[in-house]
Structures are given as structure tokens and as C-alpha cells.
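Enquirer: Chain by chain, the residues run as shown.
Number of protein chains: 2
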Amino acid sequence: MKELEERIRKDGRVLPGGILKVDAFMNVQIDPVLLDHMGEEFARLFKEAGVTKILTIEASGIAPASSTAMKMGVPFVFAKKAKSSNVSGEDMYTSKVRSFTYGRDYDILVPAAFIQPDDCVLIIDDFLANGFAARGLIQIAEQAGAQVAGIGVCVAKLFQPGYRLLKDQGIRVEALAPIQAMDDNSVIFADE
Amino acid sequence: MKELEERIRKDGRVLPGGILKVDAFMNVQIDPVLLDHMGEEFARLFKEAGVTKILTIEASGIAPASSTAMKMGVPFVFAKKAKSSNVSGEDMYTSKVRSFTYGRDYDILVPAAFIQPDDCVLIIDDFLANGFAARGLIQIAEQAGAQVAGIGVCVAKLFQPGYRLLKDQGIRVEALAPIQAMDDNSVIFADE
Numbered sequence: 000m001k002e003l004e005e006r007i008r009k010d011g012r013v014l015p016g017g018i019l020k021v022d023a024f025m026n027v028q029i030d031p032v033l034l035d036h037m038g039e040e041f042a043r044l045f046k047e048a049g050v051t052k053i054l055t056i057e058a059s060g061i062a063p064a065s066s067t068a069m070k071m072g073v074p075f076v077f078a079k080k081a082k083s084s085n086v087s088g089e090d091m092y093t094s095k096v097r098s099f100t101y102g103r104d105y106d107i108l109v110p111a112a113f114i115q116p117d118d119c120v121l122i123i124d125d126f127l128a129n130g131f132a133a134r135g136l137i138q139i140a141e142q143a144g145a146q147v148a149g150i151g152v153c154v155a156k157l158f159q160p161g162y163r164l165l166k167d168q169g170i171r172v173e174a175l176a177p178i179q180a181m182d183d184n185s186v187i188f189a190d191e
Numbered sequence: 000m001k002e003l004e005e006r007i008r009k010d011g012r013v014l015p016g017g018i019l020k021v022d023a024f025m026n027v028q029i030d031p032v033l034l035d036h037m038g039e040e041f042a043r044l045f046k047e048a049g050v051t052k053i054l055t056i057e058a059s060g061i062a063p064a065s066s067t068a069m070k071m072g073v074p075f076v077f078a079k080k081a082k083s084s085n086v087s088g089e090d091m092y093t094s095k096v097r098s099f100t101y102g103r104d105y106d107i108l109v110p111a112a113f114i115q116p117d118d119c120v121l122i123i124d125d126f127l128a129n130g131f132a133a134r135g136l137i138q139i140a141e142q143a144g145a146q147v148a149g150i151g152v153c154v155a156k157l158f159q160p161g162y163r164l165l166k167d168q169g170i171r172v173e174a175l176a177p178i179q180a181m182d183d184n185s186v187i188f189a190d191e
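Just so you know, the protein sequences line up as chains A and B, in that order. Under numbering that gives the first Met the number 0, the first residue of the first sequence is numbered 0, with each subsequent residue one higher. Under numbering that gives the first Met the number 0, the first residue of the second sequence is numbered 0, with each subsequent residue one higher.
Be aware that a few hints might be false.
Since the list gives no way to pick out one identical chain from another, each pair is judged satisfied if it fits inside one copy or across any two copies.
Keeping only pairs whose Cα atoms sit at most 20 Å apart, straight-line, the calculated DMTMM-like set for lysine to aspartate or glutamate is [said to hold, decoys possible]:
1) LYS9 / GLU141
2) LYS20 / ASP90
3) LYS46 / ASP30
4) LYS79 / ASP30
5) LYS70 / GLU40
6) LYS80 / ASP106
7) LYS95 / GLU2
8) LYS70 / ASP30
9) LYS95 / ASP183
10) LYS80 / ASP104
11) LYS80 / GLU141
12) LYS166 / ASP30
13) LYS20 / GLU57
14) LYS79 / GLU141
15) LYS95 / ASP106
No lab work stands behind these hints: they were computed from the structure.
Just need the whole structure built from these sequences, with the hints factored in.
Expert: In C-alpha cells, the structure reads:
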């Protein structure tokens, strides 16, 4: 998606350690026009996939999931990151996710009522790097007995293992801005 | 907003202790049509207010802020809840918020770059009860030297102190579903 790639070139910042900051327009402060267009593009890509529900994870997945859900006309659910181990008494699907940023595991939770065996789930997130969050969300869909239509991410770092691992599992992965390589001075996208 | 009030009557659940659960359609699983209409209604209410930026707080404020931002065509920013006291080196506005659910204080953070003195800020959140989060967000806007256009909340519990305290401060508060009273069997809205 050229619009997102150009915006990353213009307003993104590459920090040491392979960190790409897009907080000025995509995941802390969010440009409403870009958000609308990203939702439209995910909706176009997965139009024929029979999606009945969108699944994402707090906090930065919620904005792209919102716009995609509005464009597709299907509900979305966001997984919460557990603050403690005393999960509420409600029937929950849970999965363990490794945090790249914080270097430790956390549990993610989705109330079981919100994903049904006849659902076809589209997973939406802002970033795909190691794929830990995506794999946690796939496990949640599998616990529910639901089908996974695929994963849509705004930005994928193709040089980190997540993208390849998911493709090898036979999962459809669509990245609006697939990054082939990145250094302190430049970002190279896979589709240019 | 009749559509939201009817939905709360139909699919909301009142739990002991004055807890209203709207997680099936508003803040864990989100109905995309309702979300779109709530954004439209906030945009209509604050159309003449000169809003340049929307400010909310993770996680459940992000969806209504997304749809409102898309309808108004202005960016939104979400405050993060600090996981620890080692706030990043970036220039941040911070405020202390008391959590009704967890019974302890936490810090909220917004990068200073994202709210400017010439901004006119609309605060959006899902719930207004004691008003702790709203007052924290107002403090953040004040630290930035920005103007506050008002607060838009999906649901306000008028029988808890937040709504009155904000009005007494001279803040404009718009609630799509203002709840006058609530017991285990029924919800009474202020505008009926």
C-alpha cells in the first residue's frame, strides 16, 4: 500500500536495534485518513475470504481492527493482556505470548462467548516481527474451533522470523507495508 | 442516542456492585455499525467546537476514538497506562489516575510532541463514572497548554460523581447513553 509506505518513509523513524517508530501517525497518534484507507485495503484483500469476525490484541491493534471492521461490516474482538494471573471467572480462551519489547511472557485473554466454532476469523495487528502475538491469536481461534481466514498487518518486518513461520504454517499473511530491509538511514519495501 | 440505549437494554448486563457490562457489543467485542454511528454522533455534537485533536486512553477508548476521528477528520492520540515507573526518555506528559476496577493508582502517558498549545482537544472514552480517567486526560491537555473542547463518553453513570464534577468545572460533557439509575433488573436513562 503505497500511501502507508510513503508515510513510513516521510514520518517513520528507525531507532538502533531495528526498531521502527511509527507513533506519529499509526500507533500512538493516528492519522484518520490513513486509518480509513488501511481498513479499506484490508477489507478489499479479504473480501472473498468469508470473514465473520476480526480478532486483534490491545492496544495498538484496536485502531486498524476498528476501521477494518467498519469497512467489512463484521464485529471485532480484542484480546486483553492479563495484568495478573487471577483471570476472571468467565469462560476464557487464553494463550501465552512473548513480548519483544518487555522480554517476558504474558497471557492474552478472549471471552469464549465471542468466538464460535462457525466463525471465520481475520486477525489484524499493527506490526508483524517475530509473530508472537499473531501466533497467540491463532491459538485462541483454534481453541474456539474457528477457521482462520488469515492475518492482516499494517507493517511486516520480513527479515524477522514471524512472516516466514506463519506462511510455512499455511496461513495467509497480508502486509500493507512489507519491509525487506532496514537500516538507520533507509527502509526498503518488498514490493518496490 | 436511542440506538445505544436500546442496545444496552437488549444486550447489556448489570452485575452486583453497579457494574454495567457492555462487553458483547461495545468494549471487548465491538459492533461495527454501532461504532460507526457513535463516531458520527460525537462528530455531530462537537462539529462547531473547533476540535483539532482527539485524546483517549487505552484500551477501551480506542475504538470510539477511532470512529470519531474518522468522522471528524482529525487525528487522535491515546494515552498509555504505564506498566512501570521507568518512563521512556522521550518528553512525556503524565498524570495519575485512580482505577475503579483495580483499586490502585496508575500513571498515564502521552508523548509531548502529540499535543500542542494551539490544539483544541476532544476527550473520548467509553465510560464516565467517577471521572478519574477523564480528569487525568484533562490534566494532560492542560500540561500541553491546549484548550479542551469537551468530553464525549458513550455511557455516563450520572449517579456517580464524575459527570457532576466535570460539569462543575465548566467542562462540556456529552454522553450518548446517560444513565440516571440502575439496578439488577433495569437501566433508566436520563433522556427518557
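Enquirer: Compare the structure with each hint and give your call.
Expert: Consistency of the hints with the structure:
1. LYS9 / GLU141: Neither, since 39 Å and 30 Å both go past 20 Å.
2. LYS20 / ASP90: between (36 Å within a copy, 15 Å between copies)
3. LYS46 / ASP30: Between copies, since 18 Å is at most 20 Å while 24 Å is not.
4. LYS79 / ASP30: between (24 Å within a copy, 17 Å between copies)
5. LYS70 / GLU40: both (9 Å within a copy, 18 Å between copies)
6. LYS80 / ASP106: Cα proximity of LYS80 and ASP106: in one copy and across copies (6 Å, 18 Å).
7. LYS95 / GLU2: Answer is neither; intra-copy 34 Å and inter-copy 37 Å both fail.
8. LYS70 / ASP30: Close inside one copy (17 Å) and across copies (12 Å); limit 20 Å.
9. LYS95 / ASP183: neither (32 Å within a copy, 35 Å between copies)
10. LYS80 / ASP104: Intra 10 Å, inter 19 Å, cutoff 20 Å: intra and inter.
11. LYS80 / GLU141: within (18 Å within a copy, 30 Å between copies)
12. LYS166 / ASP30: This pair counts as neither: shortest intra-copy Cα distance 30 Å, inter-copy 30 Å.
13. LYS20 / GLU57: both (18 Å within a copy, 18 Å between copies)
14. LYS79 / GLU141: This pair counts as within: shortest intra-copy Cα distance 17 Å, inter-copy 30 Å.
15. LYS95 / ASP106: Within one copy only: 5 Å inside a chain, 26 Å across chains, cut-off 20 Å.
In terms of the numbered hints stated before, the structure departs from hints 1, 7, 9, 12, listed from lowest to highest.
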